[in-house]
Amino acid sequence: MSDDWADLVSAGLLLLAAVLSLAAGIGLLRFPDALSRMHAATKPQILGMVAALAALVLSSGSWTTLLVVLPILALHLLTTPMAAHMLGRAGYRVGHLRDDLLVRDELEDDIQRAQRAGENPRGRRPGRGR
Amino acid sequence: MTLVDILHLIAGVLFAGAAFLVLLRILRGPSIIDRMVSSDVLVTLVMLALIADMVANHHTRSIPLVLALAGTAVLGAIAVARYVSKHDRRSDGERGALQHAPRGRD
Chain A
1 MSDDWADLVS AGLLLLAAVL SLAAGIGLLR FPDALSRMHA ATKPQILGMV AALAALVLSS
61 GSWTTLLVVL PILALHLLTT PMAAHMLGRA GYRVGHLRDD LLVRDELEDD IQRAQRAGEN
121 PRGRRPGRGR
Chain B
131 MTLVDILHLI AGVLFAGAAF LVLLRILRGP SIIDRMVSSD VLVTLVMLAL IADMVANHHT
191 RSIPLVLALA GTAVLGAIAV ARYVSKHDRR SDGERGALQH APRGRD
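Residue numbers (our numbering), protein chains in the order written: chain A, 1 to 130; chain B, 131 to 236.
Think of the hints as simulated: they come from the structure by calculation, not from any bench. Quick reminder that beta carbons are idealized off the backbone N, C-alpha and C, glycines included. Please note: incorrect hints may appear among the correct ones.
[Stated by the list, open to error] Between beta-carbon pairs, the in silico distance windows are:
(1) A:Gln112 with B:His188: 52 to 62 Å
(2) B:Ile140 with A:Leu107: 34 to 44 Å
(3) B:Leu195 with A:Trp63: 13 to 23 Å
Required output: the full structure, derived from the provided sequences and hints.
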């Protein structure tokens, strides 16, 4: 009986992962620029993966599986933000974003301040702005 | 067909639909960044599908494959992001291009 229960819960978790994946697919298609699409992409990558791995541990029902699944989860949680960071940085630099959708662009301010400081070296002294 | 089987079937159909939509975005672009983000999602979908197969068929044989994918999926994105250059700005003249002027910076 407890086996049935574990199977049902793991099927539900798989379904959650699948729904998140579908949401990511729809978001990737419908969102307007690269940075918004990255937002949609992260949903199955983190929560979906956690749900699916939990489903695997539940359905296999052994602690050995948990021992193998934990490194998978750790690797995935460590490397996914790295990739997203690099892609977002490259996307911002190349300009694949829509200015009119941004509420506030703090990096733009910082870049302009850095450029002004580069043109006028005396402006780089501490005490001027932050 | 039990309830669990039906749930697995629905999950499989949803995974397939998601993979189709992600492939569509890879095809349409318009920029290399969009394609790389979508490829990352596609790798994640492959991992999720492997896990779903293990759950549905009650085995654990594909775990090394999932582990290898989790470790190496990041390399492609980082390599591409490293070499995205300013020349790629001009490449969004294709269909579905951004409807704004490129930012006049650096």
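These are the hints, each one checked on the structure:
no., hint, result
1, A:Gln112 with B:His188: 52 to 62 Å, "holds (59 Å)"
2, B:Ile140 with A:Leu107: 34 to 44 Å, "holds (42 Å)"
3, B:Leu195 with A:Trp63: 13 to 23 Å, "holds (21 Å)"
In the structure shown, no violation is registered for any of the earlier numbered hints.
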